[in-house]
Amino acid sequence: MYSPHGWRCVALIVLLMQCDALHAHPLQLSLTQIEYADSDSRLSVSLRLFLMDVNEALVFDPDSTELAFCQPNESPDAEPMLLAYLNEVFFIKVNGQRMDLNIERKHLTGSGIDVALVVEMSQSLAPPLSSLEIKNTVFTDLFPGQTNIVYVHVNGDNQSLMLNKKTPTHVMQF
Amino acid sequence: MVKNMLATIRPVTLLLTTAWLVACTPEPEATEASIETPAAESEEALVARALAIHDRVLTLDTHADTPLRMIEPGFDMGVRHDPNESGSKVDYPRMQEGGLDAIFFAAFVAQGIRDDDNKSRAKALGLQMIDAVLASIEANPEMAGLALNPDDAYALEKAGKRAIYLGIENGYPIGDDLGNIELFFDKGVRYITLVHATNNDIADSATDSNGPEHGGISEFGAEVVAEMNRLGIMVDVSHGSDDVFFDAIEMSAAPIIATHSNARALIEHKRNLSDEMLKLMAENGGVVQLTMLSDYLRVAPENPERVAALAALSANTRSAMEMTQEERSAMRRARYEIYQQFPSPPATVSNAVDHIDHIVAVAGIDHIGIGCDFDGGGGIQGVFDASEVMNITIELVRRGYTEEEIEKIWSGNLMRVFRDVQTVAAELQAGETV
Numbered sequence: 001m002y003s004p005h006g007w008r009c010v011a012l013i014v015l016l017m018q019c020d021a022l023h024a025h026p027l028q029l030s031l032t033q034i035e036y037a038d039s040d041s042r043l044s045v046s047l048r049l050f051l052m053d054v055n056e057a058l059v060f061d062p063d064s065t066e067l068a069f070c071q072p073n074e075s076p077d078a079e080p081m082l083l084a085y086l087n088e089v090f091f092i093k094v095n096g097q098r099m100d101l102n103i104e105r106k107h108l109t110g111s112g113i114d115v116a117l118v119v120e121m122s123q124s125l126a127p128p129l130s131s132l133e134i135k136n137t138v139f140t141d142l143f144p145g146q147t148n149i150v151y152v153h154v155n156g157d158n159q160s161l162m163l164n165k166k167t168p169t170h171v172m173q174f
Numbered sequence: 001m002v003k004n005m006l007a008t009i010r011p012v013t014l015l016l017t018t019a020w021l022v023a024c025t026p027e028p029e030a031t032e033a034s035i036e037t038p039a040a041e042s043e044e045a046l047v048a049r050a051l052a053i054h055d056r057v058l059t060l061d062t063h064a065d066t067p068l069r070m071i072e073p074g075f076d077m078g079v080r081h082d083p084n085e086s087g088s089k090v091d092y093p094r095m096q097e098g099g100l101d102a103i104f105f106a107a108f109v110a111q112g113i114r115d116d117d118n119k120s121r122a123k124a125l126g127l128q129m130i131d132a133v134l135a136s137i138e139a140n141p142e143m144a145g146l147a148l149n150p151d152d153a154y155a156l157e158k159a160g161k162r163a164i165y166l167g168i169e170n171g172y173p174i175g176d177d178l179g180n181i182e183l184f185f186d187k188g189v190r191y192i193t194l195v196h197a198t199n200n201d202i203a204d205s206a207t208d209s210n211g212p213e214h215g216g217i218s219e220f221g222a223e224v225v226a227e228m229n230r231l232g233i234m235v236d237v238s239h240g241s242d243d244v245f246f247d248a249i250e251m252s253a254a255p256i257i258a259t260h261s262n263a264r265a266l267i268e269h270k271r272n273l274s275d276e277m278l279k280l281m282a283e284n285g286g287v288v289q290l291t292m293l294s295d296y297l298r299v300a301p302e303n304p305e306r307v308a309a310l311a312a313l314s315a316n317t318r319s320a321m322e323m324t325q326e327e328r329s330a331m332r333r334a335r336y337e338i339y340q341q342f343p344s345p346p347a348t349v350s351n352a353v354d355h356i357d358h359i360v361a362v363a364g365i366d367h368i369g370i371g372c373d374f375d376g377g378g379g380i381q382g383v384f385d386a387s388e389v390m391n392i393t394i395e396l397v398r399r400g401y402t403e404e405e406i407e408k409i410w411s412g413n414l415m416r417v418f419r420d421v422q423t424v425a426a427e428l429q430a431g432e433t434v
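Those protein sequence lines, which keep their order, are chains W and Z.
Position 159 of the first sequence, counting from 1, maps to 159 under the numbering used here, and the rest follow consecutively.
Position 281 of the second sequence, counting from 1, maps to 281 under the numbering used here, and the rest follow consecutively.
Hint data in this document are derived by calculation from the structure and do not stem from the laboratory.
As the structure is a prediction and not an experimental result, all values here were calculated from the model.
One or more of the hints may lead you astray.
To be verified - Covered stretches of chain W (in silico footprint by chain Z; criterion: 3 or more residues with CB under 8 Å from a CB of chain Z, positions within the stretch not fixed): (1) 101-114; (2) 152-159.
Stated by the list, open to error - Take a look, some chain Z residues computed to stay more than 12 Å from chain W by CB distance: (3) Ala40; (4) Leu46; (5) Asn118; (6) Glu142; (7) Asp357; (8) Gly382.
For each residue, glycine too, the CB sits at the ideal point set by N, CA and C.
Kindly generate the complete structure, drawing on both the sequences and the hints.
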């Protein structure tokens, strides 16, 4: 039987078979650590993101191997796409100046659905560090309920905070 | 015995049995069971009876990650939040609304590198979270009070206040200094979950991708357990590997607890406890606190509407690699809408009480409690947040649990362990051999 929409049905079935959006880790959470000490004159930032979430945010498939982060065949587009996304949803303003995000290192940790992509960035910073403004809405544009924990360690002062869609930014004075 | 048998009967069976009894027995004897589950009781009457029981018993939830919410700038525990808007599952007004009398707020610090600097930071972050809880109590004295001993919860309930206990999820903030345990005890901490998602110096995690490191509890971990016993801090084995569970049973001078774990026989998950472990928990005199994490309660059902909506969205767009940044942003927004419209079907109260039935059948009614893990991923259909916990009681009543049994589940069992732990501590401090 002829159906003008037959090819669309086949395409939809193939997509349905490939889509595994139900296969997800239970927590919509990310963890960021920000460190600074006058003695080092360097601000370091580490973001720990679930790899499935990164893939979903960038290529809309949590199980995609297309970007292949931290693999020998990592796509040349992987880092630029990640950075472009992070620049939309994440910033740190140091003494009022927005920090340039440059990925220095990254690695994978964990296994299965809990694999995390750890992204490390840093920049030299002459003392004093008097204020930090942090925005972290990573994945809040994708997942309802996403929350982002931020640990801040500045000159021996340790603080934690939670940022999310409702509370995207926070300013800390030192 | 009759009560325990009734506890495992499903609602339809109970209804049919009750109907049969009514039809066949002209003047039924007033047995205990017939008093607890009146024949031909309407749904309205059953709910009213359940709510009255819920009101009478002390309701205690042993695990909430709400301190994570308390570090959100501007978050106020004294104000009612809309869980769908804020994602928050617990605040004092909603505890009151749900008839949740007492709760353990767990100060959670994510596992990091195990060097001196990071251990010291973890301790500071743990203390900050504890201080955030204490500040929220201080700011809402008419609604909540700090509880340090079992009796405190009953006194606070009588005063119309929520009883707030403290726990620590992950022993990482202890670092390698046993003295920190007493520091946390003095702050009010009454249980410590030895380990979290990855191994630490104390114990192996159930979920570390590198596998076990100590073969259970480490030598240092054994000292930690002994110090917790001495002080009267409950040993929590949730998140620990199976060997951690067995070691804790062996090492701890006092009964142990699992503050948020379910039955592995129903859902195969490393975080859940096997029947062997449940039986050992019963022999130990400890308690398993059932958690409301959907993935630990049921196999995730299909979500065809969401799958179809996502597929249709993808079918009408070009490859992600070819998209502009603006197109990707729009795509994320569209997926967000789909996730909101077709959320993953959560577990149900019936799923949760199936686990209670199983644990009761294997370990007995004296070894089961409730630790919802609100604000840490917990929340199911019907028990989405603290304002809905009465639905657990309604389902328990529906399945034939008596008020005495429900009291044990909601708090009696945990309080028994809490008292036992304090008794052991007093004996140890008096120099007695336990």
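Which constraints among the numbered hints does this structure fail? Numbers only, ascending. Number 5 only.
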